[in-house]
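Enquirer: Given chain P's structure and the hints, the job is docking chains A and F onto it.
Chains P, A and F supply the protein sequences, listed in that same order.
Residue 0 is where the first sequence starts when you use numbering that gives the first Met the number 0, and the numbers rise one by one after that.
Residue 0 is where the second sequence starts when you use numbering that gives the first Met the number 0, and the numbers rise one by one after that.
Residue 0 is where the third sequence starts when you use numbering that gives the first Met the number 0, and the numbers rise one by one after that.
These aren't lab readings, by the way, just hints derived from the structure by calculation.
The hints are all genuine.
Distance ranges between label pairs, derived from CB positions:
id : chain 1 : residue 1 : chain 2 : residue 2 : range
1  : A       : Ser-112   : F       : Met-22    : 18 to 28 Å
2  : A       : Gly-98    : P       : Lys-9     : 31 to 41 Å
3  : P       : Asp-17    : A       : Thr-131   : 51 to 61 Å
4  : P       : Glu-229   : A       : Asn-292   : 46 to 56 Å
5  : A       : Asn-292   : P       : Gly-113   : 29 to 39 Å
6  : A       : Pro-53    : P       : Ser-100   : 44 to 54 Å
7  : F       : Leu-36    : A       : Leu-100   : 18 to 28 Å
8  : A       : Lys-14    : F       : Pro-96    : 20 to 30 Å
9  : P       : Gly-65    : A       : Ile-165   : 26 to 36 Å
10 : A       : Thr-162   : F       : Met-22    : 20 to 30 Å
11 : F       : Gly-143   : A       : Thr-131   : 41 to 51 Å
Where a beta carbon is used, it is the ideal one built from N, C-alpha and C, also for glycine.
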Amino acid sequence: MNNAYEFSVKDLGLYYGDFEALKHINMDIEKNTITALIGPSGCGKSTFLKTLNRMNDLVENIKVTGDIFLGEQNIYTDIDVITLRQKVGMVFQQPNPFPKSIYDNVAYGPRMQGITKKSVLDEIVEHSLRQAAIWDEVKGKLGKNALSMSGGQQQRLCIARTLATQPEVILMDEPTSALDPISTLKIEELALQLKEKYTIVIVTHNMQQASRISDKTAFFLLGELIEYNETSNLFTRPLQKKTEEYITGRFG
Amino acid sequence: MMDNIVNKNALKRAKATNSFMTIFFYIIAGIFLFLLLTIFIYILYAGFHNFSLPLLAFNHSGIGNQLFNTIYLVVLALLFSTPVGMLAGIYMAEYAKPGKLLTILRMCIETLSSLPSIVVGLFGYLVFIVMTGMQWNLLAGALAVSILNLPLIASTTEDALRTLPIGYKQGSYGLGATKWQTIWHILLPAAIPQIMTGVILAAGRTLGEAAALMFTAGMSTDISWKSTDITSPTNPWNPIRSGETLALYIWGARTEALNMNAEQMANLSAAILLLLILVFNLSARLISKYLVNYSQGK
Amino acid sequence: MTVTKQTAHNIRQDKIWKYVIYMGGVMMIVLTLSVALFLLYRGLGTFTTYNHSIFEFLFSTYWAPNDTTVGGGKVGAAVFIFGSIVTCFFALGISLPFSLAVAIFITEVSPKWGKRIFQPAIEVFVGIPSVVYGWLGLTILVPGIKELFQMPTGFSVLAAALVLGLMIFPTMTSIISDALRSVPASYRKASYALGATRWQTISQVVLGAAKSGILTGIILGLARAFGEALAVAMVIGKVKAFPTSLLSPTTNITSLIASDMGGAMDGGEYNIALWSLALLLFFITLFFIFLIHYVSKRGAVQHDG
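Chain P with its partners taken away, still in its complex shape (with noise of 0.2 Å):
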C-alpha cells in the first residue's frame, strides 16, 4: 500500500438491492489536496463521497463490494467506525447545526470522545472557529443558539464542528448549493486555507466552482468514473468523449 495516499480506493461496487450504484471505481486521493467530484444527477458522486465514511451504513439494504483504504487501514476491517468518522469529517449540503448553542455544536464532537475537562473544551472549540474563518463573528456569543445564524454562517459553524473532531480528511458534499453567492466564496477561500492541513474532497455540480478551487477533478456517469486528472487537463484537454460532452454543456 502507497502510504503517500490518504484514500485508496480499489475496485468498489456499490448496489441499492438490485440497482447497481457505483461500478469498479479505482481512484487515489493525495494528501492535502481539494479533488472535486462533478457529474450529472444521479451519477452517484454523492453516494461515492458517502462510502468515505462508510456514512452509507446507515442505508436499508446497501451492499459494498472492493475495498477502501485510509491511509494503510481498510476503513471496514482495519478500523471502526466511530473513529473513522472522527478522522473523516463531512459538511452536507444543507447547513445543520444542532438546537444548541455555537459553543455546544463545536464542543460535541470531543465531548463525545470523552474529553470533558472545560479548559480544553475551550481551547478546542476557539481553534475550531478560528480556522473555520468565523471566530471574529461570534466570539462574544458562543453560548447563542446555532439556529439563529444566518446559512453561510451556520455552514461555517458546521466546519468548525467537523475541525474540532481533529480530523484527516473534510467531506464537503455540495456545501455551498443552499448559500447565496458571498457565502459561497467565503466557504471557498476557506477551503482553500484549510488545504494545507487537511484532505478535502469535495462533490459540486458547479464546473466553476471546481475548476477555481481543486486540485484534481473526478467526473462521474451513471456510476463510473469516465475520467480523474488534474484540474486544468480535465478541462481544457479532457481524455474522454463523455467528459468533453458534459463539460461544454451537451447534458446533464
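Expert: Just chains A and F, lined up with the frame of chain P:
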C-alpha cells in the same frame, strides 16, 4: 329563452340555500358555544359560590386529602409510564425495522389505547390486588392508570423523534457519535418539548380517571398528616395505602344525595378538576408555542 | 483493530442501551398480551367452569347468577347488551348532527374563529373527566327529566344518551374537522371555479371526499360511548330490566360491572359472569379497531384510484 329563466331560478335557489345554511351554521355554532360556556360557568359557580376553607380540610370533613391523592397519583403514574413509554417510542422511531415485529407492536399500542378504562381497572384489580394479596392501594392504581398512559406517551415520543430534521442525525453520526449518544445528546433534547406536551396531556387524562381506580386505588382514604413513618398505612407519602381521588369522590357522592355537605364537596371537586385540566391544557399549548419558536432559533 | 478506550466504552454503552430500549418495546407487547390473556382466562369461565352457553349469555334476559362457586344460576345478559347498544346509538344520534355542523362551521364557514375560539374550547371539553359529566347529569338532567316529563324518576335511557352525547361530541367534532381539513384544497377550488356556492361545495364535494374520515370519527365516538362506565352509571338507573321507553331506567354493560363487581365473591359465578361481560367489551373494542382500519383503507383506495 326558457333556458335562461330556468338557470336564473336555479342560481337564485342555490344562493338562497347557501345563505340559509350559512346562517344555520352560525346559529348552531353559537348554540354550541353558549352551551359550553354555560356548562363551564355552572361547574365553577356550583363549586365555588359557597366556598369555605373547611371544605378543603385535610381530614374526613373536607376533600383536601382527595386533592393530595389525585396529584400524588398522577405523579406516580407518570413515573412509571413516561420512561417505559419513551423507551417504546424510541424503539419504534430509531431501532425497529419495518416488518412483523413493528406491526405487532403498533397493534398492541392501538389496542391498549382503545381499552375502556373499566376493563383496565379490572385487569389492574386482578393483577395488582388479587394476585398480590394486597389491599387497595395507590400504587396499584398508579400502575393501572399507567397502562392507559403508555400508548399515548409512546406514540408522542415516536412522532416527536420522526419529525426531527434528518440533518441532526446525519451531523451527529458524521462526527463519530454512536447511535445511543445521538439519541441521548441530540435527538431526545430536541424532541423533549413535543414529548412533554404529550406527557402533560396524559397527566390531564389521569386527573379525571375514575373507572380504572375504583378497584385498584380504592374508595376510601385515611391519612394522618402527623405521621412520620413512611411505611405506616396512614402516612400520606406511603403509596401502599388506599387513596380516593377527587374523581372517585364525585362518584362516591352520588349515593349521598341527602348530605348537603357531600354534594357541596362534589361540586367543589368538579370545579377543581376543571381548573386543573385548564391549567394542564394551557401548559401544553404554551410549550408547543415555545417549541415552534425554539426550533426556528428565536 | 485498535480502538481507544473511550471508543470501546462508547460502543459498549451503545449496545447496553440498545437492549434496554428493546425491552421497552417488548414490555408493551407483553402488557397487551397479558391483558388479553387474563380477560380470556377469567371471562371464559362462565362457559367452561359454569357451563353456560354463549347463546344464553348473549340473548337470554334472565340474569340471576349465583354469588357462589357452586353455580347453577342464569347468566342472560341481553338486557345489559341492549342497554349499551341503545344508549350509544341514541347518543350518536343526538351528537352527530351537532358535531357535523360545528365541524363544518370551524373548517369551512369561519376558520378564523374556529381556530381561535372553538378549537381551544373543544380541547378543554375533551379533557373534562367523565365523572364530571355524570355528576352534571345526576344533579341537573335527572331531576330535570323527572320534572319535565312528570316521571317517577329521572334516571333513564334519555339521561344516559344525553350525557354520553355530550361526552363524545368534542371528540367527534375534533376528528371530523380534521377529516374535513385534509380534503385537498384543489377539490374546493375546482368546485368554486365551476360556479358552485359554498354550501354546494360543502355538501356535494367536501363531505363526500371526507367520508372515510367522518366515518372514523363516528366509530371512535361510538367506541368511546360503549366503554364509558361511571358517567352512565350515575344516570341510567341501574334497573335490571328492558327499558320500555326513552324515559325508563335500565342498565348497560359497563354500569353493571361498575356497581356489582365490588360485591361479588371472587371466582364465584356472578363474579365470573361480570368478567365475561368485560371480555365482551374487549372483543367489541377489537371489532371497532378493525372497523376503523377497514374504513381507512377503503377511503385511501378511493382517493388514489
